[in-house]
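Please build the complete structure, drawing on both the sequences and the hints.
So the chains spell out like this:
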Amino acid sequence: MPPVTRWQRVRDLFEAALDAEPRDPVAWLDAQGENDAEIRDEVASLLDHHSRAGAFLVEPVADRVPHLLEEDSGGEPLRAGATIGPYAIIREVGRGGMGRVYLATDTRLGRTVALKAIAPHLLRDPSQRERLRREGRAAASLTHPGICTVYALEEIDGDLYIATEFVDGHTLREQIESGRRPRPEELLGTARELAAALASAHGKGIVHRDLKPENIMRTSDGRLKILDFGLAQAYGAGDPPRVTRTGFLVGTPAYMAPEQFHHHVAVDARADVFAYGVVMYEYACGTHPVRATSPLSAPRPIGDVIARCIREAPAERFASAVEIVVALGQSSAEESPHTTWWRIHHFAVVGLYLAASILSWRIKEWIETPITVSLFLALGTAATVGGVLRGHLVFTERMNRALLAHERRRTARATLMVDLLIGAILFVDGVIIGSMKALPAVLALSLALGIVLAALVLEPATTRAAFGDWHDRD
Amino acid sequence: MTDQSKSDSGSIDADALAPLVYDELRRLAAAYMRRERPGQTLQATALVHEAYMRLAGAGTPWHDKRHFIGIAARSMRQILVERARARGALKRWAGLNRVTISDSLAIAAEPDMMLPALDEALERLEQIDAEQARIVELRFFAGLSIEETADAIGLSPATVKRRWALARAWLHRELTGGR
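Protein chains in written order, with numbering that gives the first Met the number 0: chain A, 0 to 473; chain B, 0 to 178.
Just so you know, not all the hints are guaranteed correct.
Covered stretches of chain A, as calculated for chain B (at least 3 residues, CB under 8 Å) [what the hints assert, rightly or not]:
(1) 107-116
(2) 366-374
Example chain A residues on the side facing chain B (calculated, C-beta under 8 Å, incomplete) [unchecked claim]:
(3) R10
(4) H48
(5) W340
Simulated from the structure, these hints should not be mistaken for lab results. Bear in mind that the values here come from a model prediction, so they are computed numbers and not experimental data. Beta carbons are placed, not taken as given, at the ideal position from N, Cα and C, and that holds for glycine.
In structure tokens form, the structure reads like this:
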């Protein structure tokens, strides 16, 4: 007889006995017509234990979960004043899935850092340790002001520590839970700031994978910073979520994209896009989209962007945060009136290039020497390059506003060089023609002065007025 | 077997999801610990329900609450046994055989001491009758009432009550090492 069936007979007899509540179980069992003595003995034994079990298992152990989880973050906490290699611990500032986080001083440089002690149970597997190292390096390559900078990955006495910039402020979670909802312009500002920081990482092929309000800080001077960038990847760069024996898992379910729940799907930037959508949704209206009872009412660009971020199918979302930046920039209704002046400035400078080219051509016609011909050719080339660069900027501003800051930074040095070169060429031209014709000479010299001054004084002024910054930002 | 296996055969991979539930429970419990007030106790069922609230919904595969609760109960068992093991409870725990009936209150006071041994016994019970093991997980590890357990497992409360009694008797015998 197969054991399962035997067990079923034991079970049925036992349950029948429970219902019958016999005073003498042995006699009762004998009267049940069960021929198999082993089964009878088994039931008798179980009934005996049933009567002796008392409160055994009655009190759910689960009510002691927190008590058992107390030391979950791994290891004994470090005390204030303790030193770990070059780091002097000031105090514990938090506890997360990866371990404890301390405020500490790097005594070599005298700077304050956040020191994350990776929980030992995450390091048992050597490949995981190696992965953490690799991802620590990747995270360290991110230098955007909206991303918490990784300073160092330290291995001290076999333990792993990650020293990062210490971000003082409060998390977006705290902001959401404070109950105060952001004003529309505040919402747009936060959406852009967060998208820009995320985009800078996506541009380098680095995915956060655990973006959530707890990981986003608003610093005391009002800037937004994403924490723990790339570290979540340490558990499976490019792989689907991975689980260690102890059950550590990448990502926080409430912010995870549907595809992150599946074994076979590789996760990319679109998972971050999903998390971004959920975070912004929650920030905008205070509720997680899952629990929302009414559709999100957010100002035009944001509402559409969020809705597209949290589509179930990755292909329907933005491909990466770079696209979110573009979408938020494009649909922006508000535009600084100074942007017009900035545009006029660029057109005017291109006009000056044209005037300079014509003048240089005339000068070459008047005094045709190898020098004036070369000067004209050089000026023509420089003016063409300058014109293209400025045209590109104006075009970017109109069509692809989100990338403008980046493009301005990229071209700033080149346009300055072009302008100075044109100024210098005109100056030489002016000196050459000066011996022959006074008026063109004066014109050349003043045009040279005008172009140089426009580049050094006017352009920073119009740019700052239009965008609030000159290329002094990283 | 039970409706656990039915759910498993669906499009969602239960093995892939269990760690999510596990992780969420740990997070919630840890978050609870940080704001714990003296005199308050965390109800495991509340924990499971909060985890469900956080995980269920749009885009996530938690449409079947029964399925979720089953996974949550198992995760709870995993968490608790693991923590108890980490504390070296196995070494300290002398076994139920030194304990008389009147000492069962003492067991209730320090249940984590016996968790590793209970876990192993539960694995054996699972071999014989997986449904019983599930009932133990739901009742003892997730703290569900008879009615809630009956609902989660798709049996009548009366049946669950009898099965639960059998499972307790069986485990009691295993842990006392007797016959």
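Worksheet item: Hints broken by the structure, by number, lowest first?
Response: 1, 2 and 5
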